[in-house]
Amino acid sequence: MPIVTIQVTREGTAPGASSTTPEQKAALIKGASELLRDVLGKPMESTFVVIEEVDTDNWGWGGLPALDYRKKLAAAPTSSR
Numbered sequence: 011m012p013i014v015t016i017q018v019t020r021e022g023t024a025p026g027a028s029s030t031t032p033e034q035k036a037a038l039i040k041g042a043s044e045l046l047r048d049v050l051g052k053p054m055e056s057t058f059v060v061i062e063e064v065d066t067d068n069w070g071w072g073g074l075p076a077l078d079y080r081k082k083l084a085a086a087p088t089s090s091r
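Under the numbering used here, the residues of the sequence shown are numbered 11 to 91, in order.
In case anyone wonders, no lab produced these hints; they're calculated from the structure. None of the values given here were measured: they were computed from a predicted structure. Where hints are given, some of them may not hold.
[Said to hold, decoys possible] Cβ pair distances, simulated, as ranges:
{"no.": "1", "residue 1": "84", "residue 2": "27", "range": "32 to 42 Å"}
{"no.": "2", "residue 1": "32", "residue 2": "54", "range": "27 to 37 Å"}
{"no.": "3", "residue 1": "19", "residue 2": "86", "range": "27 to 37 Å"}
{"no.": "4", "residue 1": "41", "residue 2": "84", "range": "39 to 49 Å"}
{"no.": "5", "residue 1": "85", "residue 2": "47", "range": "36 to 46 Å"}
{"no.": "6", "residue 1": "55", "residue 2": "85", "range": "46 to 56 Å"}
{"no.": "7", "residue 1": "71", "residue 2": "29", "range": "14 to 24 Å"}
{"no.": "8", "residue 1": "20", "residue 2": "84", "range": "31 to 41 Å"}
{"no.": "9", "residue 1": "78", "residue 2": "51", "range": "36 to 46 Å"}
{"no.": "10", "residue 1": "28", "residue 2": "49", "range": "32 to 42 Å"}
{"no.": "11", "residue 1": "82", "residue 2": "24", "range": "21 to 31 Å"}
{"no.": "12", "residue 1": "44", "residue 2": "72", "range": "25 to 35 Å"}
In this text, a Cβ means the ideal position worked out from N, Cα and C, and glycines have one as well.
Go ahead and model the full structure; you've got the sequences and the hints to work with.
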């Protein structure tokens, strides 16, 4: 029984949205299940998918909180990315 955990930041992908939509979550669940079926031969009905939405202030990389890192990345010249 495969278990796939997908972590995303809790923010919308469209103006005014504050989280991933139910339709996006359904697409993630379907896509992850199909991937395990196609690559590993796992039956879709035995695959569990867990989507965890994490507040951006609880997410970071490059030694910075996520929003600060994004600001730094946006301010950097494109040649240094």
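Hint check:
no.	hint	result
1	84 <-> 27: 32 to 42 Å	violated (20 Å)
2	32 <-> 54: 27 to 37 Å	violated (19 Å)
3	19 <-> 86: 27 to 37 Å	violated (20 Å)
4	41 <-> 84: 39 to 49 Å	violated (29 Å)
5	85 <-> 47: 36 to 46 Å	holds (43 Å)
6	55 <-> 85: 46 to 56 Å	holds (48 Å)
7	71 <-> 29: 14 to 24 Å	holds (20 Å)
8	20 <-> 84: 31 to 41 Å	violated (20 Å)
9	78 <-> 51: 36 to 46 Å	holds (43 Å)
10	28 <-> 49: 32 to 42 Å	holds (33 Å)
11	82 <-> 24: 21 to 31 Å	holds (25 Å)
12	44 <-> 72: 25 to 35 Å	holds (32 Å)
Going through the hint list in order, the structure does not satisfy hints 1, 2, 3, 4, 8.
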